[in-house]
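Asker: Sequence:
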Amino acid sequence: RENLSLLLLKRVDAVILISSAFISEDAQDNAYILEAAQEVPVILLNAELDGPQVYCALCDDRKATREAAAYLYSKGAENILYLYHALSFSGQRKLAGFKDALHLAGRPVKSEYIRPCLSGASSIEAVRDMLLSIGKETPFDAVLVSDDKLAVGAMQYAAQMNLRVPGDIQIIGYNNSALCACVSPTLT
Numbered sequence: 001r002e003n004l005s006l007l008l009l010k011r012v013d014a015v016i017l018i019s020s021a022f023i024s025e026d027a028q029d030n031a032y033i034l035e036a037a038q039e040v041p042v043i044l045l046n047a048e049l050d051g052p053q054v055y056c057a058l059c060d061d062r063k064a065t066r067e068a069a070a071y072l073y074s075k076g077a078e079n080i081l082y083l084y085h086a087l088s089f090s091g092q093r094k095l096a097g098f099k100d101a102l103h104l105a106g107r108p109v110k111s112e113y114i115r116p117c118l119s120g121a122s123s124i125e126a127v128r129d130m131l132l133s134i135g136k137e138t139p140f141d142a143v144l145v146s147d148d149k150l151a152v153g154a155m156q157y158a159a160q161m162n163l164r165v166p167g168d169i170q171i172i173g174y175n176n177s178a179l180c181a182c183v184s185p186t187l188t
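Residue numbers 1 to 188, in the working numbering, belong to the letters of the sequence shown in order.
All clues stand as given, with none of them false.
Derived pair list, reagent style DSBU-like, types lysine-lysine, alpha-carbon separation capped at 30 Å: (1) K110 - K63; (2) K99 - K75; (3) K99 - K149; (4) K99 - K110; (5) K99 - K136; (6) K75 - K149; (7) K99 - K63; (8) K136 - K149; (9) K75 - K136; (10) K63 - K75; (11) K149 - K110; (12) K149 - K63.
The hints are simulated quantities; they were obtained by calculation from the structure and are not laboratory data.
Sequences and hints are given; from them, build the entire structure.
Answerer: This is the structure in structure tokens:
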């Protein structure tokens, strides 16, 4: 909010906000963006807000996650563990897509297979350790994540458990970040 005010003081021609983290479900929290749009066009990337001079470009996170989960089921996965790191607009859409895939596959939504990795719990090591601790009580043969960093943690878990990827466990990341190329095999 303060940074946006500072940009407007610099007489910029437009503002580009990249991330759904800028948008709140509470309309009052979005008022500063709509006010800025009265002065200059505001472009939101991977976020949505309806207003004059507000332009949005969205990734269909819901569809992408639904299709990723469907792919895992098509490759024989029985128990997909979904890990997420944020409940932003994008994060909510990804979670909805995972639940859509469960519904389409005729599978129940089980809370033990949907795990948050928020704040410090989203580090690569924290994800690996969490998977080590839940693996016996919640058996899973695939991991679908909302962010590539979480997928790298799942890859470390697989390595520590001597599981072959994708032979013994399937892992799909999200965002196609540089981290995808830093693990072997590379992430989907």
